[in-house]
Amino acid sequence: MLYWFLVSAVVAAIAGALSVGVTATSIGMAQVLVMMLCAFVVISLFTGVMRRVR
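The opening position of the sequence shown corresponds to residue 1 in our numbering, with each subsequent residue numbered one higher.
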């Protein structure tokens with residue numbers, strides 16, 4: 001997932017430099033991937049804590 005975030009961030013940077021209309025799509029995709037990454041981290045931390053409590 002981090003790989004896809006980096007790829008979309010690079011595409012957004014290149015598109016921004018070239019002033020192409022793909023920029024908004026790339027930035028939106030990067031934001032979705034960051035939110036998914038954050039959700040997976042929180043879920044992983046929560047399940048790890050729950051395993052240690054038992």
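Be careful, since some hints might not be right.
As the list claims (entries may be wrong) - Simulated DEER-style distance windows between Cβ atoms:
1. R52 to A13: 34 to 42 Å
2. Y3 to A24: 29 to 37 Å
3. R52 to L18: 48 to 56 Å
4. S44 to L18: 34 to 42 Å
5. Y3 to T47: 21 to 29 Å
Calculated directly from the structure, the hints in this document are not laboratory data.
Quick reminder that beta carbons are idealized off the backbone N, C-alpha and C, glycines included.
Inset, instruction - Against the earlier hints, flag every one the structure doesn't satisfy and list their numbers going up. - result: 2
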